[in-house]
Amino acid sequence: MLAHFILALRTAGIPASITEYLTLLRGMKEGVADYNVDDFYHLSRATLVKDERHLDRFDRVFGEVFKGLEPPEGDPQEGAAIPEEWLRKLAEKFLTEEEKAQIEALGGFEKLIETLKQRLAEQKGRHQGGSKWIGTGGTSPFGAHGYNPEGVRIGQEESRHRRAVKIWDKREFKDLDGDIEIGTRNMKLALRRLRRFARQGAATELDLPDTIRATANNAGTLDLKLVPERHNTVKVLLFLDIGGSMDDHVQVCAELFSAARAEFKHLEHFYFHNCPYERLWTNNRRRRESEISTWEVLRKYGPDYKLIFVGDAAMSPYEVIQPGGSVEHWNEETGQVWLQRLMGHFRRSAWLNPMPEAAWGRYQSAQILHRLMERRMYPLTLDGIEAMTRELSR
Amino acid sequence: MAGFRSSQHYIASRDLEVAVNAAIALQRPLLVKGEPGTGKTVLAHEVAQALGHPLIEWHIKSTTKAQQGLYEYDAVSRLRDGQLGDPRVHEIGNYIVRGKLWDAFEADKPHVLLIDEIDKADIEFPNDLLLELDRMQFFVYETRQTVVAKHRPVVIITSNNEKELPDAFLRRCFFHYIRFPDRETMEKIVQAHFPDIKQELAREALNVFFQVRGVTELKKKPATSELLDWLKLLMIEDLPPEVLRSTDAKTAIPPLYGALLKNEQDVHLFERLAFLSRQRQR
Chain A
1 MLAHFILALR TAGIPASITE YLTLLRGMKE GVADYNVDDF YHLSRATLVK DERHLDRFDR
61 VFGEVFKGLE PPEGDPQEGA AIPEEWLRKL AEKFLTEEEK AQIEALGGFE KLIETLKQRL
121 AEQKGRHQGG SKWIGTGGTS PFGAHGYNPE GVRIGQEESR HRRAVKIWDK REFKDLDGDI
181 EIGTRNMKLA LRRLRRFARQ GAATELDLPD TIRATANNAG TLDLKLVPER HNTVKVLLFL
241 DIGGSMDDHV QVCAELFSAA RAEFKHLEHF YFHNCPYERL WTNNRRRRES EISTWEVLRK
301 YGPDYKLIFV GDAAMSPYEV IQPGGSVEHW NEETGQVWLQ RLMGHFRRSA WLNPMPEAAW
361 GRYQSAQILH RLMERRMYPL TLDGIEAMTR ELSR
Chain B
1 MAGFRSSQHY IASRDLEVAV NAAIALQRPL LVKGEPGTGK TVLAHEVAQA LGHPLIEWHI
61 KSTTKAQQGL YEYDAVSRLR DGQLGDPRVH EIGNYIVRGK LWDAFEADKP HVLLIDEIDK
121 ADIEFPNDLL LELDRMQFFV YETRQTVVAK HRPVVIITSN NEKELPDAFL RRCFFHYIRF
181 PDRETMEKIV QAHFPDIKQE LAREALNVFF QVRGVTELKK KPATSELLDW LKLLMIEDLP
241 PEVLRSTDAK TAIPPLYGAL LKNEQDVHLF ERLAFLSRQR QR
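Keeping their order, the protein sequence lines are chains A and B.
Just so it is clear: in the first sequence, position 272 is 272 by full-length UniProt numbering, and no numbers are missing.
Just so it is clear: in the second sequence, position 278 is 278 by full-length UniProt numbering, and no numbers are missing.
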């Protein structure tokens, strides 16, 4: 019966395998879960999920697959499926003193709950508006988002009012999901993956300890051992789009920047507006003084620098493909030419876009740039950064 | 089933208990991840204590090799002994130095083995231990002997998430992510560590602590271990709780902040916030 659970997990993108499935079955046989739903949830989570970024997804799938384990829904005779305690707490939490006094007007708390039970029993389906039934947006004392001061707010989502909140419904691991935006620490960890590959290369350095060991193993005949040189100095060039539509994304860009600064010894950053042209600047406040010609940047930084653009790529398409298309000045050469020049110089480059991937299709400019970048545009999420670091360190 | 439970000194959530007990029952390694300072390493000590097994600790560094956990062949001293004509040189077994895993396998009673901060090592490290942790045996090439675990040790592995671990390795482990404790759990933890702390001091300190954690721009948020250090300092200095109450984290830097803030940028940030809010009050 658990097979479809595993399949559901795999469909949701959690890489659970047969080995883990068998382990889970063995664990149940050994009585670790002890026929208790919560323990079964903990056991299956410990067995099947191996990455905290998948925990939230797991919770969601678990909730879906094992719906049947909760008290049966939609049985109106079982209106008492909401424990009274629970309701009372909820009400106490949301009601002010005056409102509580008004409840008294309706006949006190007991009466209110009594009425609620009755209504629950009478009501057959989802309800919205109106002044009697339990549902959303109405003036009945029961339901969510209502206006009745005497109202009991029951959950925010319809249908919630018939089930107690289970652990997996709390979704406490939501913040760790790789698709959701990110804090500095997480970002650092994602960027750190760039560093990992920095130690590879041809074996050119003499490994003294290993040579001694090998020579000794060889009974004194010299046996040279070589190791790859340590290159844990990844060089990164960050080009940041600033101003205009990027103002919405300042927070996440600042986080990315501070994470990147902590991670890389060789990090240089330049600003541009919408699309890089012949001039960049290093300090946005003193833009005039800190301007630098893009040619200069190309000369100064070798092809081994990894180039990362950060920008929402939301602009008029002319800013990319037309000479003079820039909104700020007359540009002799198109943004497209400059972008290709930069990409031709630096061996590895990618574009991080703070807009969600689904929105790119709405902007012609984003599509053009995505194509120009040879599809190396990634969303500014943990997964996106990770995909980017993988691409950059290939 | 004799299992692992929250003890007087260590507050474990129910999901952690289940994960540990599953690892014990099925004799598989347990991989523990979580924010730094949430008690990953301490867990191994607690499990060892709960089960009454001795603990073997293997701390991993960036230079640690998997082979070092099994055994090392000290060829250099054999070379030297050979030149000096020491008779020991004829027996290769004299130059095999046992590693932590070997110790755990050959022990007469079951042990708890802690492999601490596995992510510090080279990326190949976990892969090199796959078979050894799975079958709990390995082969010594120099002496042509197979070392098989007499008692399978309870293996606890911690990771700070600096590197991604290979799938094949993960598949053989149980996994638990230690979440940052909520206020209620934190109160229990404080109580467990400082049973004779003044209630008022603990409450005020926790208020300040969660306020500090609430500042989103912090580079390194203080975690459980920092809180415990700080409380210890507060108790040694015997500060009255009122001092903490007046120092709302928004208006002033908490006293003895060195235990909580580990980074000068964070301290600056706090000074700036405090300055701003004092100005606003005027």
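Careful: at least some of the hints might be erroneous.
[What the hints assert, rightly or not] Straight-line C-alpha distance at most 16 Å; calculated EDC-like pairs for lysine to aspartate or glutamate:
{"hint": "1", "chain 1": "B", "residue 1": "33", "chain 2": "A", "residue 2": "296"}
{"hint": "2", "chain 1": "B", "residue 1": "163", "chain 2": "A", "residue 2": "386"}
{"hint": "3", "chain 1": "B", "residue 1": "61", "chain 2": "B", "residue 2": "226"}
{"hint": "4", "chain 1": "B", "residue 1": "163", "chain 2": "A", "residue 2": "289"}
[To be verified] Label pairs and their calculated CB-CB ranges:
{"hint": "5", "chain 1": "B", "residue 1": "199", "chain 2": "A", "residue 2": "283", "range": "50 to 56 Å"}
{"hint": "6", "chain 1": "B", "residue 1": "108", "chain 2": "A", "residue 2": "226", "range": "41 to 47 Å"}
{"hint": "7", "chain 1": "B", "residue 1": "168", "chain 2": "A", "residue 2": "210", "range": "23 to 29 Å"}
{"hint": "8", "chain 1": "A", "residue 1": "7", "chain 2": "B", "residue 2": "229", "range": "54 to 60 Å"}
{"hint": "9", "chain 1": "A", "residue 1": "250", "chain 2": "B", "residue 2": "67", "range": "45 to 51 Å"}
If you're looking for bench data, these hints aren't it; they were derived computationally from the structure.
Note that the Cβ used here is the ideal one computed from N, Cα and C, for glycine as well.
Next on the checklist: To test your reading of the hints: which numbers does this structure violate?
Outcome noted: 1, 3, 4, 8
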